[in-house]
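Listed below, chain by chain, are the residues.
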Amino acid sequence: MNAHRCPNDHLTYPGHARCPDCGEPQDDTVSLADRTAEIVTWTTSTATPPGVRQPNHLAIVEFDVDGQPVRALGQLTTDDVDIGDTVTPVHVDELRDPDAGIREPESQNWDGYRFEPA
Amino acid sequence: MDRVAVIGASMTRFGERDDWIRDLLAEAGDACLRDASVPSEAVEHVYVSNMASGEFEGQTGVSNMLAHDLGMVGAYTQRVDQTSASGGAGIYAAWQSVASGASDMTLLVGGEKMTHRTTGEATDVIASLTHPVEYKHGVTLPSFAGLTARLYLDEYDAPRESLAAVAAKNHRNGVDNPHAQFRKEVSEDEILDSPIVADPLRLYDFCPITDGSAALLFCPESVAREYTDDYTVVSGVAGASDTHVVHERDDPTTMNGVADSATEAFEMAGRGPDDVDVAELHDMFTILEVLQLEALGFAETGEGWRLAPDGVTERDGRLPVNTSGGLKSKGHPLGASGVAQAYELHRQLLGDAGDRQVDAEVGLACNVGGFGNCVTTTILETP
Ligand SMILES: [Zn+2]
Chain A
1 MNAHRCPNDH LTYPGHARCP DCGEPQDDTV SLADRTAEIV TWTTSTATPP GVRQPNHLAI
61 VEFDVDGQPV RALGQLTTDD VDIGDTVTPV HVDELRDPDA GIREPESQNW DGYRFEPA
Chain B
1 MDRVAVIGAS MTRFGERDDW IRDLLAEAGD ACLRDASVPS EAVEHVYVSN MASGEFEGQT
61 GVSNMLAHDL GMVGAYTQRV DQTSASGGAG IYAAWQSVAS GASDMTLLVG GEKMTHRTTG
121 EATDVIASLT HPVEYKHGVT LPSFAGLTAR LYLDEYDAPR ESLAAVAAKN HRNGVDNPHA
181 QFRKEVSEDE ILDSPIVADP LRLYDFCPIT DGSAALLFCP ESVAREYTDD YTVVSGVAGA
241 SDTHVVHERD DPTTMNGVAD SATEAFEMAG RGPDDVDVAE LHDMFTILEV LQLEALGFAE
301 TGEGWRLAPD GVTERDGRLP VNTSGGLKSK GHPLGASGVA QAYELHRQLL GDAGDRQVDA
361 EVGLACNVGG FGNCVTTTIL ETP
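In the order they appear, the protein sequences are chains A and B. All the letters of the first sequence, read from the start, carry residue numbers 1 to 118 under the working numbering. All the letters of the second sequence, read from the start, carry residue numbers 1 to 383 under the working numbering.
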């Protein structure tokens with residue numbers, strides 16, 4: 001789980017071919033996996049597509065990297081959370097069944113991080 | 001420069017239809033030509049707004065297919081895909097084709113056939129527009145609505161009931177729309193007691209899965225006068241985008257794409273929010289109507305939730321919103337929705353909206369793709 005940084009110190013997760021803020025190439029990365037984040041907002045989705053757990057708890061979280069905020073979206077391990085709670089990333093090998101959805105399984109990775117209350 | 005006129009408009013019944021995309025597009029296209037009394041051989045450009053006929057049905061090449069089915073062989077054809085905002089993007093493309101002088105008669109037909117898929121499958125087709133880092137978590141467009149609604153209600157201390165008021169209003173309007181998928185009133189209590197879909201949003205906060213089609217016929221105003229006095233003009237049209245990855249926005253409750261496209265469309269029309277008499281907004285989710293009211297300048301930031309409960313957006317209010325019933329009760333066949341928004345405005349401006357009629361000379365339609373990822377705003381006026 002890496003944030004990407006451009007020469008002007010803008011951080012994004014995920015990375016892009018060019019920085020969305022300034023258009024410069026992003027040539028640096030910062031790992032977010034060992035940091036904590038704060039829940040910006042969350043939801044529990046009960047109507048999930050094929051291959052997705054049901055219910056699916058999701059959150060947008062914000063990391064603080066040396067004073068720079070960078071946000072991520074991910075599954076939550078529980079719905080026992082509130083806006084403003086602190087969470088830590090936990091690695092999961094397969095976030096949904098790659099063979100059940102519409103997207104070509106080989107077109108992307110399916111592992112990633114869930115967020116767990118700290 | 002000649003202004004671009006709309007001289008014909010149609011929409012099919014929205015809902016569960018046995019017809020496939022080919023039949024739906026032809027039904028609306030044929031009805032639109034009849035509405036304008038324009039022969040098919042007069043049409044020079046044909047645009048089809050459609051998000052995913054390939055993914056839903058296995059049918060591609062829909063614009064060429066439609067031209068052949070409507071007796072327009074020889075016309076230039078093009079499909080326009082801008083996800084949920086395909087219809088608005090089609091209006092922009094059709095406007096460009098006439099305004100540039102490339103075509104003196106342009107037919108736009110928007111359509112989608114969705115109900116043969118399960119809700120999960122249809123949701124997945126739509127969710128495929130998301131970035132891989134979002135998609136792998138099982139994110140759906142409804143879940144973005146839940147995330148944003150929780151943040152909005154928390155940030156502005158808005159009551160949950162304010163979103164139910166949006167749904168109740170649009171359902172009331174839909175009762176009087178013979179083309180709407182749902183023609184029944186739904187009380188705020190029913191909405192607040194319906195099953196959770198993406199907490200804190202419930203079933204009635206979401207538009208249904210729908211089949212349907214809508215069409216518009218565009219030409220220069222000078223040509224329009226040869227056919228009819230009953231036409232409207234596109235005084236403003238513009239599009240914009242926001243981040244593809246929704247969580248990369250500083251504030252997910254601010255719809256920058258809506259604001260940018262509206263600013264440009266208002267500037268082109270020489271109009272502002274106060275000039276608008278009726279609006280069709282993209283209420284795919286109740287929270288989206290509220291966020292658009294703010295981004296379009298109809299309400300201050302954090303105040304948009306007040307408009308439905310206060311009656312401002314009712315048919316007899318200061319700014320009637322979604323007199324058609326909106327996507328909420330009319331239904332949301334992806335590629336057709338933006339076209340059907342303009343159909344409603346066209347009917348309202350011509351005084352031809354039956355039981356839904358309001359007093360209007362300037363109408364605005366806002367068509368949103370993704371969760372505000374891409375947007376087209378159109379302003380229609382009486383000549
Ligand atoms: Zn940058």
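In case anyone wonders, no lab produced these hints; they're calculated from the structure. Small disclaimer: the values here were computed from a predicted structure and weren't measured. Glycine residues also receive a C-beta, built at the ideal position from the N, C-alpha and C atoms. Be aware that one or more of the hints could be misleading.
Listed below are several chain B residues computed to face chain A (Cβ distance under 7 Å; list not exhaustive) [to be verified]:
id: 1; residue: GLU57
id: 2; residue: THR60
id: 3; residue: ASP124
id: 4; residue: VAL125
id: 5; residue: PRO132
id: 6; residue: GLU134
id: 7; residue: GLY138
id: 8; residue: LEU151
id: 9; residue: ARG172
id: 10; residue: ASP176
id: 11; residue: SER187
id: 12; residue: SER194
id: 13; residue: ILE196
Here's how the hints hold up against the structure:
1. Nearest Cβ of chain A to the Cβ of GLU57 (chain B): about 13 Å, over the 7 Å cut. The hint is violated.
2. The restraint placing THR60 (chain B) at the interface with chain A is violated, with a minimum CB-CB distance near 16 Å, outside the 7 Å limit.
3. For ASP124 (chain B), the shortest C-beta to C-beta distance to chain A is roughly 4 Å, which falls under 7 Å, so the interface hint holds.
4. Nearest Cβ of chain A to the Cβ of VAL125 (chain B): about 6 Å, under the 7 Å cut. The hint holds.
5. For PRO132 (chain B), the suggested interface contact is upheld, since its CB lies about 4 Å from the closest CB of chain A, less than 7 Å.
6. Evaluation of the GLU134 (chain B) hint against chain A yields a held restraint, the C-beta minimum of about 6 Å falling below 7 Å.
7. The beta carbon of GLY138 (chain B) comes within 3 Å of a beta carbon in chain A, closer than 7 Å, and the hint placing it at the interface holds.
8. A distance limit of 7 Å between C-beta atoms decides the matter here; for LEU151 (chain B) the minimum to chain A is near 4 Å, and the interface restraint holds.
9. Interface hint status for ARG172 (chain B): violated, as the beta-carbon distance to the closest one in chain A is roughly 25 Å, over 7 Å.
10. Given hint, ASP176 (chain B) at the interface with chain A, is violated; its Cβ is 29 Å from that chain's nearest Cβ, farther than 7 Å.
11. Given the 7 Å rule on beta carbons, the hint for SER187 (chain B) is violated: about 22 Å separates it from the nearest Cβ of chain A.
12. Below 7 Å, beta-carbon pairs count as interface contacts, and SER194 (chain B) has none with chain A, the closest being about 12 Å; its hint is therefore violated.
13. Interface restraint check for ILE196 (chain B): the shortest CB-CB distance to chain A comes to about 6 Å, inside 7 Å, so the restraint holds.
The structure fails to meet hints 1, 2, 9, 10, 11 and 12 from the earlier list, while all remaining hints are met.
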